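Q: Listed here are the chains, written in short residue letters.
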Amino acid sequence: MAKVKGTIVVDIERCKGCGLCPPACPSDVLSLAREVNAKGYHYAYMANPDACTGCINCALVCPDAVITVYRVKNKVN
Amino acid sequence: MAEQITNKDIAREENLVFKRTGVLTDKVMHYCPGCGHGTVHRLIAEVIEEMNIQSDCIGVTPVGCSVLMYNYLDVDMQEAAHGRAPALATAIKRLQPDKFVFTYQGDGDLAAIGTAETIHAANRGENFTIFFINNGIYGMTGGQMAPTTLPEMKSSTSPYGRDVKMMGNPLKMTELVAQLPGTYYVTRQAVHTPRDVRKAKKAIRKAFENQKLEKGLSLVEIVSNCNSGWKMTPVQANEWMVENMFPFYPLGDLKVDGEMAK
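Listed in order, the protein sequences are those of chains L and U.
In case it helps, this note's numbering puts the first sequence at residues 7 to 83.
In case it helps, this note's numbering puts the second sequence at residues 78 to 339.
Hints in this document: simulated from the structure, not taken from any laboratory.
Take the hints with a grain of salt, since some may be wrong.
[Unchecked claim] Straight-line distance between alpha carbons at most 25 angstroms, and here's what the computed SDA-like set of lysine to any residue pairs gives:
#, chain 1, residue 1, chain 2, residue 2
1, U, K276, U, T98
2, U, K283, U, G335
3, U, K85, L, I18
4, L, K9, U, T83
5, U, K308, L, Y49
6, U, K231, U, A189
The model shown is predicted, which means the values in this text are computed figures rather than measured ones.
With the rest of the complex left out, here is chain L (with noise of 0.2 angstroms):
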């Protein structure tokens, strides 16, 4: 069986805390960080990062394209 595992990398500094992302999220993986980034915003982060498929959701729709997404195809037998 593969299962696919996924990860996303915010630019914090670029991120505006919309909160556009995580509603988009099927797997519930994201969520605002309580912290802020320089610019006072509750940037986005993977506070469920296990349940990441790596779909690209989130990154589609992110207005300001500060989410990078990586996926591979987990093997486990």
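Use these hints to put chain U onto chain L, whose structure you have.
A: Only chain U this time, still in chain L's reference frame:
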């Protein structure tokens, strides 16, 4: 059991599936958080990259929030006077017919002061692409009522809602332009969900591809939000847009390959 892969192992170049396109510059966009402009800019940049037309593309920016678009897209761009982007694009395309020319306009630019330019460029069948971002108000200047403001919709100059008897009816520019024989592809899209973003990107790609055919104008309307003008959070603004804007501005193709849809 295989070993647990850590996120650091996944975040490697060979596993990359999505990254910011190189056609966007490194400048941080000045748009409000959650604004649809950023998404549409990215989609246009991605299409330009996929079609490999970065050096053959000329954009015309409007007056409005997206006036600074030339800072964000790494292609040749020119700034038009308010509403005159289709006139300027006509000149560029006629002088350099082998270039891919597009205009990017908001509803205050395209549907108000630029109505004449838009309709006549469409009617002449000029062979460029118009991207029309419709958020129902003048976003840049403080959320005033625009021609596209919905009936009963509150704006800073219609604080009790748009009274159709006094202020007239909203203008459906896209439907209007689709009637004209000079247009080849007219569609209305949105960018609030991943599904709509994928569809909008296909429409943008088609609109650029149509320029090779030289059969007329392509217009892609994007119904977008203006969360600061509507006084909502980005998520609320998208919900409001689905509930109120889409019944009046239904998504879908209006004219494909020169034929009216349905």
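Q: Against each hint, give a clear statement of whether it holds in the structure.
A: Do the hints match the structure? See the list:
no. : hint             : verdict
1   : U:K276 to U:T98  : 18 angstroms, holds
2   : U:K283 to U:G335 : 13 angstroms, holds
3   : U:K85 to L:I18   : 17 angstroms, holds
4   : L:K9 to U:T83    : 14 angstroms, holds
5   : U:K308 to L:Y49  : 21 angstroms, holds
6   : U:K231 to U:A189 : 18 angstroms, holds
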